[in-house]
Amino acid sequence: MDLNFTDEEQAFRSEVRAFVRGHLPGGIRDKVLNGRHLTRDETMDWHRILAEHGWGAPTWPKEHGGTGWDPVREFIFEEECAAYGAPRLLPFGLRMVGPVIMTFGSAAQQQRFLPRIAAAQDFWCQGYSEPGSGSDLASLKTSAVRSGNHYLVNGQKTWITLAQYADWIFCLVRTDPAARAQAGISFLLIDMKSPGITVRPIITMDGGHEVNEVWFEEVKVPVENRVGEENKGWTYAKFLLGHERTNIAGVGASKRELDRLKQIAAGESKNGRPLLEDRAFAARIAQVEIELLALEITQLRVLSAEAARKAPGPEASLLKIKGTEIQQALSELMMQARGPSGLSFEGISATYCNLRKTSIYGGSNEIQKNIISQWLLKL
Amino acid sequence: MDFNFSKEQEQLGETIQRFVAREYSTERRKAILKSREGFSREVWAQLAELGLLALLIPEEHGGMGASALEVLLTMNAIGKALLLEPYLPSAILGTSLVRDLGSGEQKKAMLPALAAGELIVVPAHGEAGARYELERVATRATATADGFVLEGKKAVVLHATAANMLLVSARTAGAVNDRAGISLFVVPRDAAGLSLQEYPTLDSQRAADVTLHEVRVPRQNLLGPEGGAFEALSAAFDLGIAALCAEAVGALSASLDATVEYTRTRKQFGQPIGKFQVLQHRMADMLMHVEQARSMSYLAAMRCTDGDAAVRGRAVSAAKALVGQACRFVGQQSIQLHGGMGMTDELLISHHFRRLAAIELSLGDTEHHLEKFARGAQ
Ligand SMILES: Cc1cc2nc3c(=O)[nH]c(=O)nc-3n(C[C@H](O)[C@H](O)[C@H](O)COP(=O)(O)OP(=O)(O)OC[C@H]3O[C@@H](n4cnc5c(N)ncnc54)[C@H](O)[C@@H]3O)c2cc1C
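Protein chains in written order, with the working numbering: chain A, 1 to 379; chain B, 1 to 378.
Worth double-checking, as some hints may not be accurate.
[Stated by the list, open to error] Here are the simulated DSBU-like cross-link-like pairs (lysine-lysine), alpha carbons at most 35 Å apart as the crow flies:
no., chain 1, residue 1, chain 2, residue 2
1, B, LYS267, A, LYS232
2, A, LYS238, B, LYS267
3, A, LYS369, A, LYS322
[What the hints assert, rightly or not] Computed footprint of chain A on chain B, listed as stretches where at least three residues anywhere in the stretch have a Cβ under 8 Å from a Cβ of chain A:
no., region
4, 78-84
5, 124-131
6, 222-232
7, 343-357
Rather than coming from a laboratory, the hints here were simulated on the basis of the structure.
The beta carbon of each residue, even a glycine, is placed where N, CA and C say it ideally should be.
Could you put together the complete structure from these sequences and hints?
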């Protein structure tokens, strides 16, 4: 065992660090460091800058235009980007639909969609949840009825992150209403410009517009936009959910937020001394820092095991739970560090509200514990 | 021991509950939130009519001369319905300071107007470097021939813009964290040299940072003895904390009720999610927090008028520390159990969540009161 990075890995870290410092636009960095929402262009700009450098798909294998990095390099990359204040690359194309298309899509779909994802040309969103189907995703009702060489899609998706910016949405739809819940579902790629699609904003408690309802009314989707076999969509969806969860740990971003917390605590005073030197508060920061240190090693262990096995496993649930608990704890401490000024509804306290979402989305933390109980504890 | 409210108190409680149920629907509240002032002058006038702005005012000044229990019942209802009106800063803090420190003339001039809802008076005490320490005041008041000149900054003054008068604390003597040497001044909101920077708070109320630059006030605007305002400030803030705890209990039980109701009706996996044992236990934990908080709100209410400042302070700190933790747990879990719906601005539950978070940060957070309680025990 060796818990140190090798010389090559250290050199790689320096290379990434130098690149990010040299190329991340200041305006974007400023927004990220202050917890503000990015516009569509700002999100895409950073991805494009990476793409032009050959780093547009840092988690993909080389044959699909990725960097072909091992998990340790991926991790270093994420950490360095996050540390300096680069926005998180959107997961919908890179981490979600991309791997599904790579694994289950046709050669034509791979050629058509993958390069555009890696080059930051298409903005994707994820259309799984419905008003009646959140945790119980397999009960979804949005229907796709085959009619010649296309499907007619009707129904409503909800909580769709950044659908207002998206060019494409990947959806789970019911193609066989008679089959058992999981058995009649297919995986469709739908052009957001298709007639019959309506996007309606949902305003969250922090006042932000991040999620949407997406309505489908007689939307025509060519059969060639179905990934894999008809009625096998659930298998692909489960594959994808595993990928979504490993991404969610967010160790790099949490390290950055930990630094920010310390900065805030150093700037606030308590009994005439910096809050950072207050024993009780310093101990609370230490508690989160230690959890984060452990999570970093756990994440690297899980990712290495996955790389060997070539598929995410139920251990990803552990990363999701811990990662989100840490994100929430950090935002809570930042708000408390500000003392009475934490009452102002600006960046920090709005972020505290916003981050309550992390234990709900991507499979709620209760659902993750069900997975751990079932698959790791075999209960 | 007797845990019952008197007949009159029960009636008052019911009147208030009926009033907020009728006048403060979620829809009405939304409209008020969007209004220019962020609260309703109409509701404020109705609160005056019901006598609720006069609870702390002695009868001789046109008030009700009510006890801490009437305040508790009122705050319960305010917490449940999430009232946006400046009740805590003006009807509790401002009013009790005028009552306790004011000269006969000052009381005659202000108390009846406060009771009638014609006057809004809020304290401007906290400062950026003070965190939750009551005695840390850097703002200075320098005596002149006929009055004082105030210089300094006050932070997070709730409802400053709505107020006619601010009760500004300033140091007339002593070091920055001395208890002695703090004076209070009645300063009109539109006084020359006073400027406000307003912003919304975490719970969609309004606050402002206040800058005082060469603000001149006549000597008769001094409220209470020169340099001797600390004891009264401390008593008023303790009363405010007790009121806040009672408000929290209203918001906490409303959050628990809404969550239980939601989990009864929301179905996933073919059954109400309230059937999942892990959620049942979570709600059982929430209930324990609510009941413990309720007990402490009683203790704080009963002790906050105790003449012995140490007894009073200890009970109030214990209550605020425990209630703060209840606010955090119940608030967070009520969102969690609502799933995505809990995240929306549309449902009232997220507004309760935000108010509960704000209560935890107001008048001393959990950590502050834990430490204060621990220090008192030494
Ligand atoms: C900000 C945000 C962004 C999102 N983005 C997207 C997106 O881009 N695309 C998309 O498709 N979806 C998205 N979602 C939806 C998200 O995946 C769902 O909210 C989530 O799956 C939970 O579903 P629900 O909201 O219907 O809650 P419910 O499933 O109704 O759950 C309510 C509560 O019950 C609990 N619960 C449910 N079942 C069980 C059980 N069996 N055992 C124990 N507890 C249980 C849950 O944990 C939760 O606490 C997003 C959600 C949010 C809040």
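Hints, one by one, checked against the model:
1. B:LYS267 / A:LYS232: holds (25 Å)
2. A:LYS238 / B:LYS267: Holds, at about 22 Å.
3. A:LYS369 / A:LYS322: holds (11 Å)
4. 78-84: Violated - the region 78-84 of chain B has 0 residues with a Cβ nearer than 8 Å to chain A, which falls short of three.
5. 124-131: With 4 residues closer than 8 Å to chain A, the region 124-131 of chain B meets the three-residue bar; holds.
6. 222-232: Three-residue rule not met by the region 222-232 of chain B, so violated; n is 0.
7. 343-357: holds (count 9)
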